[in-house]
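Novice: Letter by letter, the chains look like this.
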Amino acid sequence: MQLFTKKKIEVVVESIYAPRVAEAAKKAGAKGYTILPNLQGSGIHGDRRGSGLSGAFENVMVICVVDAAIAPAVMAAIQEAIGDAIGVLYASDVDVLRDEHF
Amino acid sequence: MADLLAVATSNLISPAILAFLLGGLAGFLRSDLEIPEAIAKGLSIYLMLAIGLKGGASLAASDAGFSILPGLIAAVMLSFVIPYIAFFLLRLTTKFSHIDTAAVSAHYGSVSIVTFVTATQFLTSLDIKYEAYIIAMVALMETPAIVSGLLLAREKGKGGSKTSIFQPEMLREILFNGSIVLLLGGFVIGWATGEEGLETVAPFFVDPFQGVLCLFLLDMGLVAAHRLRTASSLSPAAIAFGLYMPIIGAVLGGATGFAVGISAGGATLLAVLAASASYIAVPAAIRLALPKADPGIFIPLSLGVTFPFNVLIGIPLYAAVIAALYS
Numbered sequence: 000m001q002l003f004t005k006k007k008i009e010v011v012v013e014s015i016y017a018p019r020v021a022e023a024a025k026k027a028g029a030k031g032y033t034i035l036p037n038l039q040g041s042g043i044h045g046d047r048r049g050s051g052l053s054g055a056f057e058n059v060m061v062i063c064v065v066d067a068a069i070a071p072a073v074m075a076a077i078q079e080a081i082g083d084a085i086g087v088l089y090a091s092d093v094d095v096l097r098d099e100h101f
Numbered sequence: 000m001a002d003l004l005a006v007a008t009s010n011l012i013s014p015a016i017l018a019f020l021l022g023g024l025a026g027f028l029r030s031d032l033e034i035p036e037a038i039a040k041g042l043s044i045y046l047m048l049a050i051g052l053k054g055g056a057s058l059a060a061s062d063a064g065f066s067i068l069p070g071l072i073a074a075v076m077l078s079f080v081i082p083y084i085a086f087f088l089l090r091l092t093t094k095f096s097h098i099d100t101a102a103v104s105a106h107y108g109s110v111s112i113v114t115f116v117t118a119t120q121f122l123t124s125l126d127i128k129y130e131a132y133i134i135a136m137v138a139l140m141e142t143p144a145i146v147s148g149l150l151l152a153r154e155k156g157k158g159g160s161k162t163s164i165f166q167p168e169m170l171r172e173i174l175f176n177g178s179i180v181l182l183l184g185g186f187v188i189g190w191a192t193g194e195e196g197l198e199t200v201a202p203f204f205v206d207p208f209q210g211v212l213c214l215f216l217l218d219m220g221l222v223a224a225h226r227l228r229t230a231s232s233l234s235p236a237a238i239a240f241g242l243y244m245p246i247i248g249a250v251l252g253g254a255t256g257f258a259v260g261i262s263a264g265g266a267t268l269l270a271v272l273a274a275s276a277s278y279i280a281v282p283a284a285i286r287l288a289l290p291k292a293d294p295g296i297f298i299p300l301s302l303g304v305t306f307p308f309n310v311l312i313g314i315p316l317y318a319a320v321i322a323a324l325y326s
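These protein sequences, in sequence, are chains A and B.
At position 22 of the first sequence the residue is numbered 21 (numbering that gives the first Met the number 0), and the sequence of numbers has no breaks.
At position 196 of the second sequence the residue is numbered 195 (numbering that gives the first Met the number 0), and the sequence of numbers has no breaks.
Check each hint, because a few of them may be wrong.
Under the rule of at most 30 angstroms between Cα atoms (straight-line distance), these lysine-lysine pairs were calculated in the BS3-like manner [to be verified]:
id	chain 1	residue 1	chain 2	residue 2
1	A	K26	B	K291
2	B	K291	A	K25
3	A	K7	A	K30
4	A	K7	A	K25
5	A	K7	B	K291
6	B	K291	B	K128
Hints in this document: simulated from the structure, not taken from any laboratory.
Using the sequences and the accompanying hints, generate a full structural model.
Specialist: As structure tokens, this is what we get:
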């Protein structure tokens, strides 16, 4: 079985910024993304946890797996979309089975 | 007035307020009690739709007509003006940055729906009547303060917000955020279907309302305690602002209510609205438009200081003072 190495880009970001991040990633060449809702945590901006209807306190994670060649461009586009918002952005290597999906 | 205050205080010992205190206590004791996020969201959707439905149905049952317009316009004006007062006071007393000052000001001009709901339950328990269309005021007062706050932030041109006020994404957030859609939508449904329509959904939307409010306030107690615990960075001047600004707002709201000729109950609710600070619509809009504004300031102030103050002390105080002035 052949595996293909890709870049997995993960962005923990304020939930209200998730649509911008997802759109930026797609524009920069990502073929898709997954959003994990309602995350909690803590960082330089203090504690982050959701409450009620407002997305202002809630973090989500946007995940996309892309070809290594376009990963820097996707990450740059995401950083531009985040701007000064609260967030963490990083990438790591992952192996996938279905090369044509990414 | 002393008598009324005593009655008012004794009525505060209601299951909903005690649930709020329980949540607060659990939060301070770092209990592992937690209302799952999805349930908290569900409860707030329920509360907003229920209050909208009830308001719309009672408006349909009254013959208010266009006489409600001065009140609605006054409410919008209040929401526009209060941020400017808050901004002035914060500049005078705190060392917040220009952007942070504008962000906090926007929160205090807008309204807290849960504070409002708690106040309506409080008035109902005292048998004090109020005008149905006050509920429309709640929805109308959420947004103008955001515009004022953004204008204040822009005045010095700092923070790169010059172009960001009227982005489509921003407009969508401030005009069609979930709370406004639910309140106004519920209000229209309630108005269109009237008392009969409300009767068909009453077993779900009216009877269990108090119980749901208990659960929601339990969660709010947890959240407020959590926010207050992390508010150690707030200066005494900032915390003082979170306590005196609601009183200034209440005076303005009560006076406006009196000026437009609404009842004592209605004026109390308008005072509560003007006294309360937003933690739903405004934080989201501010995070989008002014990402440099520090949520570590405006969230603890609004949720950790002003919300508990209004729920525990403000509501009975405003009700007692206004009742005394009206009689």
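Novice: Each of the hints needs a verdict: does it hold here or not?
Specialist: Verification of the supplied hints:
1. K26(A) / K291(B): Answer holds: K26(A) to K291(B) is near 26 angstroms, not above 30 angstroms.
2. K291(B) / K25(A): holds, 26 angstroms
3. K7(A) / K30(A): Given pair K7(A), K30(A) holds - Cα atoms ~12 angstroms apart, limit 30 angstroms.
4. K7(A) / K25(A): holds, 14 angstroms
5. K7(A) / K291(B): holds, 28 angstroms
6. K291(B) / K128(B): violated, 43 angstroms
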